[in-house]
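Visitor: What follows is each chain in one-letter form.
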Amino acid sequence: MARVGPRLALLVVLIVWGCVGDRLPTVEFIVPFREGGGSDQWARAVAPFFQRHFSEPVRIQVFNIPGASGVQGGNEFAVRRPHDGRSLFISSGSNVFPALLGLRAVQYDFKEMRGIMGSPVGGVVYVSSELGIANVNDLCGTNQRLIYGGISPTGLDMVPLIAFEFLGLDVLTILGYEGKGAARVAFEQRETNLDYQTSPAYLSNVQPLVDEGSAIPLFSFGMLDAQGRVVRDPVFNKLPSMAEAYELCRGRAPAGAAWDAYRAALVAGFTAQKNLWTHDDAPPERIDALIATARATIADPSFQQLATRLLGGYEFYAGSDVEAIFSVTSQLSPTAREWLMTFLREKHDVRF
Amino acid sequence: MLQLALETLVALLQPTSLGFMVLGVSVGILVGILPGLGGTVGLSLLLPFVFGMETGPAIALLIGMAAVVHTADTFPSVLLGVPGSSGSQATIMDGYPLARRGEAARALGAAFFASMIGGLVGAITLFLILPVARPIVLAFRSPELLMLAVLGLSMVGILAAKRPLRGMVMATLGLLLGAVGAAPTTPFYRFTFGQMYLWDGVSLAVLALGLFALPELLDLLASGTSIAGSQIQRIGGGWLMGVRDVIREKLLVLRSAILGVVVGFIPGLGGSVVDWISYGVAAQTVRGSEFGQGDIRGVIAPESSNNAKEGGALIPTLLFGIPGSGTTAVLLGGFVLLGLQPGPRMLRSDLNVTLLIVWTLALANVLGATACMAMSGAVAKLARVRAARLAPFLLVIMLTGAYQSTRSWGDLVAFVVIGLAGWALRRLEFPLPPLLIGFVLAMTVERTLWISTTRYGWEWLLHPAVVGIGIVTAALTVTGIRLNRGRVSS
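For the record, the sequence lines run as chains A and B.
Numbering of the first sequence is given in the numbering used here, commencing with residue 1 and proceeding in unit increments.
Numbering of the second sequence is given in the numbering used here, commencing with residue 1 and proceeding in unit increments.
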């Protein structure tokens with residue numbers, strides 16, 4: 001036992017030294033999900049560049065507060081963290097939808113946050129080639145039994161579910177798969193025959209199926225542009241967007257409460273999928289510094305390389321662009337919200 | 001293929017990669033030994049460093065860590081009767097009685113050697129199966145997964161031994177506990193009592209620690225002695241005997257390892273109960289056993305399978321990007337950080353990465369087992385320390401481990417509540433493993449039952465594989481009951 005003493009003392013010294021040695025101010029990235037998840041990867045990718053381009057020497061610390069599909073971390077950020085511009089929060093589709101639907105447990109409000117930077121992702125709808133469907137027109141006119149597999153009606157699946165409803169498709173919807181990967185495997189097992197995947201998963205796992213002829217891509221969810229229109233996805237610019245798909249099926253441009261709900265869900269889940277925020281009543285000069293850092297980060301060539309790998313062809317945006325894109329979601333009209341709640345309650349048994 | 005395999009091995013043996021593998025193995029051993037910390041926590045610790053690393057060293061680091069957790073987690077299971085991670089609970093059943101008899105070193109030696117062989121079997125199977133595994137994974141649709149989960153649940157009867165009814169009660173309790181939180185098929189929160197902590201349900205790590213660790217600690221304190229009691233035996237010398245035990249039981253090792261690969265390979269079947277399933281199967285099929293009273297075979301079976309599991313769990317992870325275990329779920333995040341997208345290309349353009357994973361898995365298992373054996377003599381002395389001295393230290397580690405699940409106060413409350421309940425149940429002689437099995441399989445059963453009936457109506461009951469697994473389940477249950485009856489009457 002006596003021999004352990006000095007070693008233990010050394011360890012204590014090292015730990016204490018490690019704790020007090022670094023006196024740099026800390027900027028905290030709150031990731032409301034587990035280590036290794038999509039938002040965690042995003043935060044850890046951005047953090048080192050953010051640190052490098054910051055106007056003063058700081059230490060960026062990524063802090064995971066998982067729980068309740070990202071609501072827990074959002075509440076911690078909104079309620080407990082000081083509004084000093086040193087505490088930043090990462091939102092993702094999963095914790096925007098509960099806010100969009102006005103769930104009682106949500107204590108954060110995106111209208112009380114300032115956007116620093118963010119990034120989009122896309123999604124592509126495809127069917128099994130066995131259905132004999134070659135394009136959107138075939139899809140709308142089909143009398144085959146369409147079977148879709150998803151996770152939960154209040155997550156990203158909300159976007160395809162609204163899309164199918166809006167297109168007037170009769171789909172057997174099975175929700176309860178463990179993840180989008182499991183749902184894709186179910187598609188390959190012919191348990192389902194209609195599916196969507198986000199861009200990275202589509203490129204790595206569905207494209208091979210398309211190449212071998214067992215899957216047919218039909219349309220992309222599209223992207224919301226600065227004027228609030230749904231346009232083609234830049235990564236899948238050969239595929240019609242959801243707006244075009246509607247015109248092909250119904251012969252008129254999409255409009256109305258259902259369309260507003262679709263656009264809000266599209267922004268929350270895809271066009272503005274991941275965003276970095278701070279409190280809007282933080283010191284203005286600190287907010288400006290954060291936005292400047294975000295812009296410098298995005299302009300950094302080595303960050304762009306990494307962004308290509310991470311997002312697969314989409315581009316980061318910064319500053320006021322975040323709120324501009326996000327406003328479709330945060331300022332959803334009461335009629336559109338009502339349509340959405342009714343749709344989820346009646347068609348998908350969601351209890352609010 | 002062979003040439004590429006050799007090239008990958010040479011690349012792994014470069015100082016940088018080798019160094020990172022050794023580092024990974026060290027972290028793996030550490031989180032394995034510390035109760036409550038397992039592969040998931042270990043990977044979470046390493047992930048931040050992976051960012052920006054080159055692929056080769058990063059893979060060596062991550063896989064090296066994941067490979068050895070279930071080697072090192074045997075230390076606390078055998079020496080203290082406290083699970084080192086959720087994969088080594090079954091080892092306690094016979095490993096701990098062995099330690100109390102003063103045969104800790106033998107148990108450890110057997111466990112490490114069995115772990116190594118199991119890990120190697122896992123790596124070899126991964127290598128051989130991967131090219132042809134796609135159709136096998138695709139054969140398990142929701143109804144088949146449901147039946148496999150039911151097969152897993154039928155292990156409850158065997159594990160409950162003499163008290164099948166109590167086993168059923170505990171398994172049902174486990175299924176109920178598993179239902180807490182967000183429902184898998186609809187956005188509805190069950191039994192949350194207004195607590196947001198319960199939205200995600202009870203954490204497996206907290207449940208396992210509470211059920212198996214805290215009650216043991218309380219009993220240990222109450223007895224006031226050291227674990228090895230007053231036995232004065234040479235603790236350090238017996239590990240070679242353990243190795244000989246494993247060599248003698250080579251068939252059991254192989255069988256358990258293959259079982260481990262299969263359980264790991266099937267997503268959602270609960271890699272975290274592989275040790276119990278393996279223990280249960282061994283208890284039922286080995287002749288003249290004294291399982292539960294310090295039979296070395298009760299150590300060998302779970303230890304062979306829990307290392308083999310990782311090799312199996314990597315198959316769906318690499319081929320489809322769907323995790324086969326909790327550890328591989330975090331590993332998947334690490335892959336994406338490295339710019340790897342699991343999918344068909346792991347067998348084509350990224351084949352070298354796949355081979356690197358196989359080699360790392362194999363080498364890390366050998367390295368980890370060797371290191372643990374070298375340490376076993378010294379660490380085994382822990383069993384001689386008086387409980388009152390060890391307890392505060394252990395309690396702090398367990399609380400830290402529990403707190404790692406979601407890092408909220410709820411974890412600590414849940415740990416204490418479950419621990420006290422577990423202690424009461426143990427005193428009342430209710431078997432605890434069935435509760436854990438019910439808990440782990442609850443989500444899978446509910447999910448796959450829902451999907452099967454929504455998709456296929458009742459027609460799925462006639463799928464050939466469903467019928468086949470159903471027959472196996474029934475046969476296992478009936479023989480299990482008979483065997484236990486026989487044991488009671490004799």
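Check before you lean on any hint, since a few could be wrong.
[As the list claims (entries may be wrong)] FRET-style restraints, in silico, Cβ to Cβ:
| no. | chain 1 | residue 1 | chain 2 | residue 2 | range |
| --- | --- | --- | --- | --- | --- |
| 1 | B | Pro-135 | A | Ser-129 | 28 to 34 Å |
| 2 | B | Trp-409 | A | Glu-346 | 50 to 56 Å |
| 3 | A | Glu-212 | B | Arg-248 | 46 to 52 Å |
| 4 | A | Arg-81 | B | Leu-412 | 18 to 24 Å |
| 5 | B | Pro-15 | A | Lys-111 | 52 to 58 Å |
Because the hints were derived from the structure by calculation, they are not lab data.
Quick caveat, the model's predicted, so the values are computed rather than measured.
Glycine included, every Cβ here is placed at the ideal spot set by N, Cα and C.
Visitor: All hints, please: hold or fail.
Guide: Quick rundown of the hints versus the structure:
{"no.": "1", "hint": "Pro-135(B) with Ser-129(A): 28 to 34 Å", "in the structure": "18 Å, violated"}
{"no.": "2", "hint": "Trp-409(B) with Glu-346(A): 50 to 56 Å", "in the structure": "39 Å, violated"}
{"no.": "3", "hint": "Glu-212(A) with Arg-248(B): 46 to 52 Å", "in the structure": "50 Å, holds"}
{"no.": "4", "hint": "Arg-81(A) with Leu-412(B): 18 to 24 Å", "in the structure": "22 Å, holds"}
{"no.": "5", "hint": "Pro-15(B) with Lys-111(A): 52 to 58 Å", "in the structure": "55 Å, holds"}
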